[in-house]
Amino acid sequence: MTARLLDGPALAAGPETLAAHTIRLGPLPGPGDRQALPPMLDAAGLLGRGGAGFPVGRKWASVAGRSEGRAIVLANGAEGEPLSAKDRVLMSTRPHLVLDGAELAAAAVGAEHIVIYVGSEHRAARAAIGRALEERMADMRRIATRVPTELVAAPPTYVAGEESAAVHFINEGDARPTATPPRPFESGIDGRPTLVQNVESLAHAALIARRGEQWYREAGRSETRGTALITIGGAPTPGVAEIEIGTTLAEVAETAGAPVSLGPVLLGGYFGGWVAGRSAWQAPLDPQVLRRSGAAFGCGVVRFLRTDECGVRATALILDFMAGQSAAQCGPCVFGLRAIADAAARLARGTARGDDLRRVSGWSQTLAGRGACRHPDGAVGLLRSALRTFDDDFTAHQRGRGCVAGQRAWAAA
Amino acid sequence: MKTSPTSQRDRGTQPNARRPGPPDPAAGLSDLTLGIDRITCDGYGSCAELLPEMIELDDWGYPIIRPGPVPTALLGHARMAVDTCPVLALRLAAVARATMAAAVNVPAATVRAGGPARATNR
Chain S
1 MTARLLDGPA LAAGPETLAA HTIRLGPLPG PGDRQALPPM LDAAGLLGRG GAGFPVGRKW
61 ASVAGRSEGR AIVLANGAEG EPLSAKDRVL MSTRPHLVLD GAELAAAAVG AEHIVIYVGS
121 EHRAARAAIG RALEERMADM RRIATRVPTE LVAAPPTYVA GEESAAVHFI NEGDARPTAT
181 PPRPFESGID GRPTLVQNVE SLAHAALIAR RGEQWYREAG RSETRGTALI TIGGAPTPGV
241 AEIEIGTTLA EVAETAGAPV SLGPVLLGGY FGGWVAGRSA WQAPLDPQVL RRSGAAFGCG
301 VVRFLRTDEC GVRATALILD FMAGQSAAQC GPCVFGLRAI ADAAARLARG TARGDDLRRV
361 SGWSQTLAGR GACRHPDGAV GLLRSALRTF DDDFTAHQRG RGCVAGQRAW AAA
Chain R
1001 MKTSPTSQRD RGTQPNARRP GPPDPAAGLS DLTLGIDRIT CDGYGSCAEL LPEMIELDDW
1061 GYPIIRPGPV PTALLGHARM AVDTCPVLAL RLAAVARATM AAAVNVPAAT VRAGGPARAT
1121 NR
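Quick note, the sequences are listed as chains S and R, same order.
Position one of the first sequence corresponds to residue 1 (our numbering), numbered consecutively onward.
Position one of the second sequence corresponds to residue 1001 (our numbering), numbered consecutively onward.
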């Protein structure tokens, strides 16, 4: 495993102090060099780590082009994905790397305010960021470049991290997505152009600003360059790890002590999908490569399905969660996800009605693109991957036979 | 983890990417497309009655709209559907240039399989 973001003191030692951080990594580049950052991030090939994988440099440039010096930066550490822990681990242990990135982003896009948006349930992360902000306030050398920065607790819901929901929450205290356009980069917090960027993406930017795009590109074993934080679950040693992008699932399994069984794995979290089989296990964990094969790197979740867990049941529980986490604004999401989750629950229990499986497959094709945000798209994307991966199991469940696995409850770790 | 604009998280699953409207320019396509505010829409269903060629309802009464430009011949009906939506959720908007190009250049196989998503699961 290649340590870049997680290089330095042991994670168990807690948040790195500003002094230790500065000694270890050196100061940030001066204000003059910060304007050059968007093209530099572009050249590095840095892709966003919130799940969508959009090029970070291009995003910064699009906000900078509209900013007129009045933009806002929102560092997104809501991390409402139940299977992901990488953002909170990063914020809890390397808070200054995240804040460096937010400060650089503010300089690069021309922002006069920074919001650090951290899930209210991530107590250690919020405490670490809060203390890090105090350390930076007390540092006289930073007076000239200081941008007013505010720490905001995000509601502990799945959609609170969706970017229009985050902006809506800051503006009106309502963490539900809004109809778009306008997108936050056009009109976000206080109607200003707003850069919403995942905290891991910002931390990578803080290293690239110091070491250059060539250094960043030295890591990466397939197509996409760099390293990535992943959250491993369903293995003897679960947790957050940093991998060189392009590392295979088989290698991750080996490191985490999971048997290389070629069994099903949930990639990318609840917005991602199931993959199985030899080709998937040998394929590089690389956002661009996975996307082409219909899978997703997403936010870096790698959740192995244990041999005593049932894929149908795991999928039904995820769909029930997704239905419950709908912001309840758009009909197709409210009614569609609930209907899917209820039918999936019957299938999982082995009490399916005559055409539950057929209806579930039909609905999986008709809900995408029909909400204000992509919550329904994420849910049916996961469902479609489950129907492919657990084809035989779903059929057995529809016939009321259930499966031999599935006794163990599905849990994040 | 939903943190980026729609276009940025497109994994090729959007209907627009796979099911463009009629690609034949000779059929007479307008430069307008139907859009809907999903938050405002309450599923009254009047749009599907007035414009069944382009709008059908799902199992819960919410519209499934055929993506792509509205054929010129249907523009009058489309305008009426927009004007009579009780909550003003439906709108006609200019087709993005890229969408037009995609509609015209779509492979033939996709065209035959195309058309709106059907709610066949009753």
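I should point out that these hints are in silico values taken from the structure, not numbers from a laboratory.
For every residue, glycine included, the Cβ atom is placed at its ideal position computed from N, Cα and C.
One should not assume that every hint holds.
Ranges of calculated distance between the beta carbons of each label pair, as one might list FRET restraints [what the hints assert, rightly or not]:
1. R:P1052 to S:T255: 35 to 43 Å
2. S:A328 to R:G1076: 57 to 65 Å
3. R:R1091 to S:R58: 38 to 46 Å
4. R:G1061 to S:A3: 51 to 59 Å
5. R:L1092 to S:R58: 44 to 52 Å
6. R:G1076 to S:N171: 34 to 42 Å
7. S:D174 to R:A1094: 43 to 51 Å
8. R:A1094 to S:S279: 22 to 30 Å
9. S:T237 to R:T1040: 28 to 36 Å
10. S:E112 to R:G1061: 21 to 29 Å
Pulled a few chain S residues facing chain R out of the computed Cβ check, cut under 7 Å [unchecked claim]:
11. A153
12. A179
13. A328
14. C330
15. F335
16. T366
17. G371
18. A372
Evaluation of the provided hints:
{"no.": "1", "hint": "R:P1052 to S:T255: 35 to 43 Å", "verdict": "violated (56 Å)"}
{"no.": "2", "hint": "S:A328 to R:G1076: 57 to 65 Å", "verdict": "violated (36 Å)"}
{"no.": "3", "hint": "R:R1091 to S:R58: 38 to 46 Å", "verdict": "violated (29 Å)"}
{"no.": "4", "hint": "R:G1061 to S:A3: 51 to 59 Å", "verdict": "holds (53 Å)"}
{"no.": "5", "hint": "R:L1092 to S:R58: 44 to 52 Å", "verdict": "violated (30 Å)"}
{"no.": "6", "hint": "R:G1076 to S:N171: 34 to 42 Å", "verdict": "holds (39 Å)"}
{"no.": "7", "hint": "S:D174 to R:A1094: 43 to 51 Å", "verdict": "violated (30 Å)"}
{"no.": "8", "hint": "R:A1094 to S:S279: 22 to 30 Å", "verdict": "violated (43 Å)"}
{"no.": "9", "hint": "S:T237 to R:T1040: 28 to 36 Å", "verdict": "violated (49 Å)"}
{"no.": "10", "hint": "S:E112 to R:G1061: 21 to 29 Å", "verdict": "violated (46 Å)"}
{"no.": "11", "hint": "A153", "verdict": "violated (17 Å)"}
{"no.": "12", "hint": "A179", "verdict": "holds (5 Å)"}
{"no.": "13", "hint": "A328", "verdict": "violated (10 Å)"}
{"no.": "14", "hint": "C330", "verdict": "holds (4 Å)"}
{"no.": "15", "hint": "F335", "verdict": "holds (4 Å)"}
{"no.": "16", "hint": "T366", "verdict": "holds (5 Å)"}
{"no.": "17", "hint": "G371", "verdict": "holds (5 Å)"}
{"no.": "18", "hint": "A372", "verdict": "holds (5 Å)"}
Hint violations for this structure: numbers 1, 2, 3, 5, 7, 8, 9, 10, 11, 13, all remaining hints satisfied.
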